[in-house]
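With the hints as extra help, turn the sequences into a complete structure.
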Amino acid sequence: MKKNLEIIWIILIILTVFAYLLGYLNYIDSALVGILLLTTFIKGALVIEHFMGLKDVELKYRIVPTVWLGFVLSAISFAYYF
Amino acid sequence: MSSNTSIKEKYPAGDFAVWIIIYIELITFAMLFLGYAFSRRADVELFNQSQLMLNQTSGFINTIILITSSYFVAKAVEVVKNMDEDNYKEFNKKASKWLIFALMCGATFLIVKITEFSHIFGEGINLSTNKFFMFYLLLTGFHFMHVMLGSIILFNIFMKTRKFGYTPTDTIGIESGASYWHMVDLLWIVLFPLIYIIR
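Residue numbers (our numbering), protein chains in the order written: chain A, 1 to 82; chain B, 1001 to 1199.
There's no promise every hint is true.
[What the hints assert, rightly or not] DSS-like mimics (lysine-lysine), calculated; alpha carbons at most 30 angstroms apart, straight line:
hint : chain 1 : residue 1 : chain 2 : residue 2
1    : B       : 1160      : B       : 1097
2    : B       : 1094      : B       : 1160
3    : A       : 60        : B       : 1075
4    : A       : 55        : B       : 1131
5    : B       : 1097      : A       : 60
6    : B       : 1131      : A       : 60
7    : B       : 1081      : B       : 1008
8    : B       : 1113      : B       : 1008
9    : B       : 1093      : B       : 1163
10   : B       : 1131      : B       : 1081
11   : A       : 60        : B       : 1113
12   : B       : 1075      : B       : 1163
13   : B       : 1160      : B       : 1131
14   : B       : 1094      : B       : 1008
15   : B       : 1081      : B       : 1093
16   : B       : 1075      : B       : 1093
17   : B       : 1010      : B       : 1094
18   : B       : 1097      : B       : 1113
19   : B       : 1010      : B       : 1160
20   : B       : 1075      : B       : 1010
21   : B       : 1010      : B       : 1113
22   : B       : 1075      : B       : 1089
23   : B       : 1075      : A       : 55
24   : B       : 1089      : B       : 1113
25   : A       : 55        : B       : 1089
26   : A       : 55        : B       : 1093
27   : B       : 1008      : B       : 1160
28   : B       : 1131      : B       : 1113
29   : A       : 55        : B       : 1008
30   : B       : 1131      : B       : 1010
31   : B       : 1089      : B       : 1131
32   : A       : 55        : B       : 1010
33   : A       : 60        : B       : 1093
34   : B       : 1131      : B       : 1075
35   : B       : 1160      : A       : 55
36   : B       : 1094      : B       : 1081
37   : B       : 1010      : B       : 1081
38   : B       : 1097      : B       : 1081
39   : B       : 1081      : A       : 55
Bear in mind the hints are in silico, worked out from the structure with no lab data behind them.
Predicted, not measured: the structure shown is a model, and the values here were computed from it.
Here you go:
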């Protein structure tokens, strides 16, 4: 529990390096955009839950930024794929 | 951040007014993100060509910086939430150390962004160059202002910790400022892949 924030930070850094390498090495294609957006959702959810501390708050407040994140990334996916 | 994870807090950490501001900011940025995504859909070639002029590495560095600053701020909040009447001065001091690292990250973000902006403006690019750069400048410029405001808020929180201003019964200021700073981080987490990576 003590090292919780450290673990979250490491995961965020790893996912950011993954996103950067996709772009930098020009590996980005339509399939990987979906994975990239999924990893973006995971990153955002980790910030919301652990850094903002909403994991310890009642669901009605906890859910708002997560729904926002899911909606925005879904709409970006829709604009990209359809 | 309750020690008993089965008992949920009724309200999010910090002043509720800050959360209203956070929700409004999230809606505002969502409209810009969707404006970008659907405008790109209408002219994919223009957006892909224009995106080549951006420096992905500076976007990447700034993402690492903001995530790390958010971690430092979360550590500062963790420290003040664990203090009691006997050790609050020592814990204020500990929190101030985390905050100074976060402030350094904020300043570095702004320097990297100013360097990127000066390169873009040096190329003669402005809001009316094309739709891609209109969204790029609006989104990153608007976000830049939020980082500036967040840094000012963090600086004030830092000064209060230096004066041992937070006590076991008064941590609302640092929690409010931290929530705002994490929102700034959250917005960049969406902005980075959308503007710099996806093509």
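Evaluation of the provided hints:
{"no.": "1", "hint": "1160/B to 1097/B", "verdict": "holds, 12 angstroms"}
{"no.": "2", "hint": "1094/B to 1160/B", "verdict": "holds, 12 angstroms"}
{"no.": "3", "hint": "60/A to 1075/B", "verdict": "holds, 25 angstroms"}
{"no.": "4", "hint": "55/A to 1131/B", "verdict": "violated, 38 angstroms"}
{"no.": "5", "hint": "1097/B to 60/A", "verdict": "violated, 34 angstroms"}
{"no.": "6", "hint": "1131/B to 60/A", "verdict": "violated, 37 angstroms"}
{"no.": "7", "hint": "1081/B to 1008/B", "verdict": "holds, 16 angstroms"}
{"no.": "8", "hint": "1113/B to 1008/B", "verdict": "violated, 39 angstroms"}
{"no.": "9", "hint": "1093/B to 1163/B", "verdict": "holds, 9 angstroms"}
{"no.": "10", "hint": "1131/B to 1081/B", "verdict": "violated, 46 angstroms"}
{"no.": "11", "hint": "60/A to 1113/B", "verdict": "violated, 36 angstroms"}
{"no.": "12", "hint": "1075/B to 1163/B", "verdict": "holds, 19 angstroms"}
{"no.": "13", "hint": "1160/B to 1131/B", "verdict": "violated, 44 angstroms"}
{"no.": "14", "hint": "1094/B to 1008/B", "verdict": "holds, 27 angstroms"}
{"no.": "15", "hint": "1081/B to 1093/B", "verdict": "holds, 13 angstroms"}
{"no.": "16", "hint": "1075/B to 1093/B", "verdict": "holds, 13 angstroms"}
{"no.": "17", "hint": "1010/B to 1094/B", "verdict": "holds, 28 angstroms"}
{"no.": "18", "hint": "1097/B to 1113/B", "verdict": "holds, 25 angstroms"}
{"no.": "19", "hint": "1010/B to 1160/B", "verdict": "holds, 27 angstroms"}
{"no.": "20", "hint": "1075/B to 1010/B", "verdict": "holds, 22 angstroms"}
{"no.": "21", "hint": "1010/B to 1113/B", "verdict": "violated, 38 angstroms"}
{"no.": "22", "hint": "1075/B to 1089/B", "verdict": "holds, 16 angstroms"}
{"no.": "23", "hint": "1075/B to 55/A", "verdict": "holds, 16 angstroms"}
{"no.": "24", "hint": "1089/B to 1113/B", "verdict": "violated, 36 angstroms"}
{"no.": "25", "hint": "55/A to 1089/B", "verdict": "holds, 28 angstroms"}
{"no.": "26", "hint": "55/A to 1093/B", "verdict": "holds, 27 angstroms"}
{"no.": "27", "hint": "1008/B to 1160/B", "verdict": "holds, 28 angstroms"}
{"no.": "28", "hint": "1131/B to 1113/B", "verdict": "holds, 20 angstroms"}
{"no.": "29", "hint": "55/A to 1008/B", "verdict": "holds, 8 angstroms"}
{"no.": "30", "hint": "1131/B to 1010/B", "verdict": "violated, 43 angstroms"}
{"no.": "31", "hint": "1089/B to 1131/B", "verdict": "violated, 52 angstroms"}
{"no.": "32", "hint": "55/A to 1010/B", "verdict": "holds, 12 angstroms"}
{"no.": "33", "hint": "60/A to 1093/B", "verdict": "violated, 35 angstroms"}
{"no.": "34", "hint": "1131/B to 1075/B", "verdict": "violated, 40 angstroms"}
{"no.": "35", "hint": "1160/B to 55/A", "verdict": "holds, 27 angstroms"}
{"no.": "36", "hint": "1094/B to 1081/B", "verdict": "holds, 12 angstroms"}
{"no.": "37", "hint": "1010/B to 1081/B", "verdict": "holds, 16 angstroms"}
{"no.": "38", "hint": "1097/B to 1081/B", "verdict": "holds, 15 angstroms"}
{"no.": "39", "hint": "1081/B to 55/A", "verdict": "holds, 16 angstroms"}
The structure does not agree with the numbered hints 4, 5, 6, 8, 10, 11, 13, 21, 24, 30, 31, 33, 34 stated previously, though it agrees with the rest.
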